[in-house]
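Protein sequences appear in the order of chains W and Y.
First residue of the first sequence? That's 1 in UniProt numbering, and the numbers climb one at a time after it.
First residue of the second sequence? That's 1 in UniProt numbering, and the numbers climb one at a time after it.
Hints are computed from structural coordinates only; laboratory data are not their basis.
Here the structure is a predicted model, which means the values were calculated and not measured.
Take the hints with a grain of salt, since some may be wrong.
One copy or any two copies: either way a pair holds, since identical chains are not told apart in the list.
Stated by the list, open to error - Here are the simulated lysine to aspartate or glutamate pairs, EDC-like style, with alpha carbons at most 20 Å apart:
| hint | residue 1 | residue 2 |
| --- | --- | --- |
| 1 | Lys-147 | Asp-370 |
| 2 | Lys-291 | Glu-364 |
| 3 | Lys-179 | Asp-198 |
| 4 | Lys-176 | Asp-367 |
| 5 | Lys-176 | Glu-305 |
| 6 | Lys-277 | Glu-309 |
| 7 | Lys-176 | Asp-370 |
| 8 | Lys-81 | Asp-161 |
| 9 | Lys-220 | Glu-68 |
| 10 | Lys-399 | Asp-435 |
| 11 | Lys-291 | Asp-372 |
| 12 | Lys-401 | Glu-457 |
| 13 | Lys-376 | Glu-127 |
| 14 | Lys-89 | Asp-161 |
| 15 | Lys-107 | Asp-212 |
Protein chains: 2
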Amino acid sequence: MAAISSLSLKTPTKIQSLTKTHYAIPLNLPFSCRSKSKRTGSIGSRTRIRCGLLIEPDGGKLVELFVEESQRELKREDALKLPKIKLTKIDLEWVHVLSEGWASPLKGFMREDEFLQTLHFNSIRLEDGSVVNMSVPIVLAIDDSQKNLIGGSSSVALVDDENNPIAILSDIEIYKHNKEERIARTWGTTAPGLPYVDEAITHSGNWLIGGDLKVIDPVKYNDGLDRFRLSPAELRDEFTRRNADAVFAFQLRNPVHNGHALLMTDTRRRLLEMGYKNPVLLLHPLGGYTKADDVPLHWRMKQHEKVLEDGVLDPETTVVSIFPSPMHYAGPTEVQWHAKARINAGANFYIVGRDPAGMSHPLEKRDLYDADHGKKVLSMAPGLERLNILPFRVAAYDKTKNGMAFFDPSRPQDFIFISGTKMRTLAKNNENPPDGFMCPGGWKVLVEYYDSLAAAENGRVAEPVPS
Amino acid sequence: MAAISSLSLKTPTKIQSLTKTHYAIPLNLPFSCRSKSKRTGSIGSRTRIRCGLLIEPDGGKLVELFVEESQRELKREDALKLPKIKLTKIDLEWVHVLSEGWASPLKGFMREDEFLQTLHFNSIRLEDGSVVNMSVPIVLAIDDSQKNLIGGSSSVALVDDENNPIAILSDIEIYKHNKEERIARTWGTTAPGLPYVDEAITHSGNWLIGGDLKVIDPVKYNDGLDRFRLSPAELRDEFTRRNADAVFAFQLRNPVHNGHALLMTDTRRRLLEMGYKNPVLLLHPLGGYTKADDVPLHWRMKQHEKVLEDGVLDPETTVVSIFPSPMHYAGPTEVQWHAKARINAGANFYIVGRDPAGMSHPLEKRDLYDADHGKKVLSMAPGLERLNILPFRVAAYDKTKNGMAFFDPSRPQDFIFISGTKMRTLAKNNENPPDGFMCPGGWKVLVEYYDSLAAAENGRVAEPVPS
């Protein structure tokens, strides 16, 4: 279950109060920020930014791994002479993630030292002795034939399906890819059926290749959604342009209903009460690989747009953007990555739900992770001490108010918990949820999505998402 | 393979130089040391000790979890009124470990916060924000019926096989024992056949109970070896009595041959060259649970005694003592525990070998861990920055010298690598190894051990170890 699916909790035992478990530490290091985005065509990137208000990126400096525009042709020619590694779709998503600095201070795919620290410590020690969080391996697998092809070369070209050079990986290190150990230490299980493992690890090569990454052209998907894919630097520009003095991030990979909206609105109210003048919400749907039964990104973005159009969330204090990372479904391990990446984008508050990045056990009839472990592990994670963790409050449908409200354990009979399964069943059957569960425009998108699925199952080609 | 089995390396590719990968950091905190041991009857404990020379224990203060002698009867009576948890042999070994402060600053079996940090971060953050290493869960499993028996009690008595109270666990917390996740994150595999898992986890209860431990009587085994079981406090006393200004620890669970002796002697020589005046070796065989095909503790101790008697190691600068921990065979995860526990005993140098705490994969024809990972992970481990890691140099039988020598890659033809398997085969067949491989007294003990095994296999009862 994702962060936002806490509404599927059937028997809530206690309400999580919105208390700070971490407090921001005063920073002594100078702020690192760009005066001009290296990318073009995205909002906010040309605004002159002021430094000092946002949380500092991990490692003190936001990493960006793009070849200078003037050097691109030269590097493209260089790349053509190098041994070539063909990228999978998920590899390309990681190139995107690394290139924009979501994983700052990582400068490329992990070498073995970084990989081992990630697996064993969920954190990496920098040269100055400080520690940054890093819980999910960001690695590139190659097979024996690719390894042989590389031979003694110290650099390789990373290419797309059509052999177009995307990036150069230099000062490379090749080391063994012990898949069993990687899976066991990342997921806490080796049971067959983990979506990311099936998709990206099981059939991948027996070697990993790390090195310094330089991306020749910023990664684009040309799917109509690139305008929503703001880099950490662009988000920082945007938050600064809006004079945000607090940024609270909400990671999601599901449609937004009014329970989420209530939570986000309430969080802003509380931050104002704490003395912040202009808290801004980063509504940050995950845009990389997701498992087959999740609602696809296009439909989710359309639904999120409706939620803003319908006024459920205030566009003035909300930034909707796409987080380009693939999804691991690795629970307490992955939630740290989700939080850490948002620090790099300028968020100093992170909302964490019940069983974040969790799912059902692939073999057994139970959730893979304890529902409270994500929140607990996140609150204790090395390198995240600067981030304020905001535990998710449980919302449910309050029959006395005909709307979503925070669950009140003193009158449980007044509340209905509408699980993700229940929501999907209603949408599939073209039935309506109780009034006030989701804004009508958003609900209509969901119904359309399930209609298109049903049509596809009946042998018709699914309609593309209306743009 | 244990640290000392690096001699079984068939194709060494490079020599590990004895360089410091960590340097001791100057300490500002006051030293914690006892002026008098709470235990009696052990060597060194009554010596007036001077503070300030030895490395500080983790957390700043060596934890000892014994009931004051004057309170013992009272506590024994209290214990009789509490719900009882029967300890297994391995549970008792952990009680021993905890009670003497090997796991300082742990004050008892882990509560869930400590357990989660151990699994995810191999370290625990203390209240003051500092971090100590803790890589192996030290937990106590109970089953449903024991949990029901405890009911709402906030304390339990830990009892032996005959219901004698050993200790009291108070302010308890009971939480789920997700065995699969614990195993995957500790061993990096869930393959069946891991010795500690088979022995201590698979059939254990589905709950873990944490709390503050108080041991009523110090744990004794009455096996003739208790005199070798010095606590961290007693070892600190002993090192201080000997005016040690450096303590280098050697963890082992195998017989000592002349290659080990060479390494230890050479380490002392190098420490003297570095300016230390009196480096003392802690020769520290592991005394808790080991797998069936390891040489039993009694035989190993007898062999170690012969090695000192035969003058292979200098008794003046060597302390032989038993480390009471059970063995996990968890490679890079466990070697951190082995190193961390020795800090608490006063060691500031730790010798690490090839594939420490490793073993063969239980299902596949390969070692479970990469032979270099233990050393790499140890050198990067959080909370061990103060410890000087000394990588193991590869020794082999030098035919030109008729003795063990550090392997010289410029003349590989002169060296014979005598693996553990080869050594055992020779001893089993009552054959002699090349002269100079092991001192004759030590070798004789090994031959006797395998004779006793063969006799037992032929239906005769194995002879007890001569005392």
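Hints and how they fare:
no.	hint	in the structure
1	Lys-147 to Asp-370	between (40 Å within a copy, 19 Å between copies)
2	Lys-291 to Glu-364	within (18 Å within a copy, 31 Å between copies)
3	Lys-179 to Asp-198	within (12 Å within a copy, 23 Å between copies)
4	Lys-176 to Asp-367	between (31 Å within a copy, 13 Å between copies)
5	Lys-176 to Glu-305	neither (44 Å within a copy, 41 Å between copies)
6	Lys-277 to Glu-309	neither (25 Å within a copy, 77 Å between copies)
7	Lys-176 to Asp-370	between (32 Å within a copy, 9 Å between copies)
8	Lys-81 to Asp-161	within (17 Å within a copy, 72 Å between copies)
9	Lys-220 to Glu-68	within (17 Å within a copy, 69 Å between copies)
10	Lys-399 to Asp-435	within (10 Å within a copy, 88 Å between copies)
11	Lys-291 to Asp-372	neither (23 Å within a copy, 36 Å between copies)
12	Lys-401 to Glu-457	neither (39 Å within a copy, 78 Å between copies)
13	Lys-376 to Glu-127	between (28 Å within a copy, 16 Å between copies)
14	Lys-89 to Asp-161	within (9 Å within a copy, 59 Å between copies)
15	Lys-107 to Asp-212	within (5 Å within a copy, 44 Å between copies)
Of the numbered hints stated above, those contradicted by the structure are hints 5, 6, 11 and 12, listed in ascending order.
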